[in-house]
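Peer 1: Starting from the known structure of chain A, fit chain B onto it as the hints suggest.
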Amino acid sequence: NAGVTQTPKFQVLKTGQSMTLQCAQDMNHNSMYWYRQDPGMGLRLIYYSASEGTTDKGEVPNGYNVSRLNKREFSLRLESAAPSQTSVYFCASSRQGQGRDEQFFGPGTRLTVL
Amino acid sequence: KQEVTQIPAALSVPEGENLVLNCSFTDSAIYNLQWFRQDPGKGLTSLLLIQSSQREQTSGRLNASLDKSSGRSTLYIAASQPGDSATYLCAVIQGGSEKLVFGKGTKLTVNP
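Note that the protein sequences, when read in sequence, are chains A and B.
The numbering of the first sequence is this note's numbering, which starts it at 122 and goes up by one.
The numbering of the second sequence is this note's numbering, which starts it at 667 and goes up by one.
In isolation and in its complexed conformation, chain A is listed as follows (with noise of 0.2 Å):
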């Protein structure tokens, strides 16, 4: 089982470039979340998807969007990105939501936004 994966490793972007992160398990979890990563923030929670085709904000959802495309894949987009999104983005999946099944994370998405 290769676990969560996560596309592109590094990217560069420029103020007001468009770009989707791509995530997949292979753990048939019914639960995925994106989080960012920041220096002295912690980590933190942008979007979740408790099931197939629901999606829901987290704390810093501004920004950003989401497409659950089917049970292994959960898409987080920016549609103009900004410095501010300069982070590391983590996916993850859990098999049952609401913290009653442990996360598991991918290697994440390293992004600069220049």
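Don't take each hint at face value.
List time: in silico DSS-like cross-link candidates among lysine-lysine, alpha-carbon distance up to 30 Å [as the list claims (entries may be wrong)]:
| # | chain 1 | residue 1 | chain 2 | residue 2 |
| --- | --- | --- | --- | --- |
| 1 | A | 135 | A | 178 |
| 2 | B | 667 | B | 708 |
| 3 | B | 773 | B | 708 |
| 4 | B | 734 | A | 135 |
| 5 | A | 130 | B | 773 |
| 6 | B | 765 | B | 667 |
| 7 | A | 178 | A | 130 |
| 8 | B | 667 | B | 773 |
| 9 | A | 178 | B | 770 |
| 10 | A | 135 | B | 708 |
| 11 | A | 130 | B | 734 |
| 12 | B | 734 | B | 765 |
| 13 | B | 770 | B | 708 |
| 14 | A | 135 | B | 667 |
| 15 | A | 178 | B | 708 |
| 16 | A | 130 | B | 708 |
| 17 | B | 708 | A | 192 |
Quick caveat, the hints were computed from the structure, so don't treat them as lab data.
Peer 2: Chain B alone, transformed into the frame defined by chain A:
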């Protein structure tokens, strides 16, 4: 609002030492607590999950305890090795919530 604190922010120990990492949280109404390890430039690796009804969990040289009433958890690492060097994060989740609330981590260095 739930806040998670990890003290100390950094810890350096000689190889072979037993050590304890601390995690405290302000709202005791948690559903579970999860400990992770993060290596530099890498993702998070789940170490242990403790449900709110449990007092402790063990995995190999790791033992995590949970005291909900006092808002504390500890991660005990026995016979530390240089390969244990990493940042250790704890995170809690409230009942009915999807959001893990993370501490800022303890950076552990185990010296050969």
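Peer 1: Do the alpha carbons of residue 667 of chain B and residue 773 of chain B lie within 30 Å of each other, as the hint requires?
Peer 2: Holds: residue 667 of chain B and residue 773 of chain B sit about 25 Å apart, inside 30 Å.
Peer 1: Between residue 135 of chain A and residue 178 of chain A, is the straight-line Cα distance small enough, at 30 Å or below?
Peer 2: OK: residue 135 of chain A and residue 178 of chain A at ~25 Å, within 30 Å.
Peer 1: With a cut-off of 30 Å on the C-alpha distance, tell me whether residue 770 of chain B and residue 708 of chain B pass.
Peer 2: Holds. Residue 770 of chain B to residue 708 of chain B sits at ~16 Å (cutoff 30 Å).
Peer 1: Taking only the CA atoms, is the gap from residue 178 of chain A to residue 130 of chain A under or equal to 30 Å?
Peer 2: 24 Å, holds
Peer 1: Are residue 130 of chain A and residue 773 of chain B close enough, with their CA atoms no more than 30 Å apart?
Peer 2: 24 Å, holds
Peer 1: Is residue 135 of chain A close enough to residue 708 of chain B, meaning Cα to Cα at most 30 Å?
Peer 2: 24 Å, holds
Peer 1: Can the restraint linking residue 773 of chain B and residue 708 of chain B be considered satisfied, given a maximum Cα separation of 30 Å?
Peer 2: At roughly 14 Å apart (the allowed maximum being 30 Å), residue 708 of chain B and residue 773 of chain B satisfy the hint.
Peer 1: Checking one constraint from the list: CA of residue 130 of chain A to CA of residue 734 of chain B, max 30 Å. Satisfied?
Peer 2: Violated. Residue 130 of chain A to residue 734 of chain B sits at ~38 Å, over the 30 Å cutoff.
Peer 1: Check the hint pairing residue 178 of chain A with residue 708 of chain B against an upper bound of 30 Å on the C-alpha distance.
Peer 2: 25 Å, holds
Peer 1: Hinted pair, alpha-carbon criterion (30 Å max): residue 178 of chain A, residue 770 of chain B. Please report holds or violated.
Peer 2: Holds, because 22 Å separates the two Cα atoms, which is no more than 30 Å.
Peer 1: Next pair to validate is residue 667 of chain B with residue 708 of chain B; report whether the Cα-Cα distance is within 30 Å.
Peer 2: 29 Å, holds
Peer 1: For a C-alpha distance cap of 30 Å, please report whether residue 734 of chain B and residue 765 of chain B respect it.
Peer 2: 18 Å, holds
Violated hints, in rising order: 4, 11, 14; the structure is consistent with all others.
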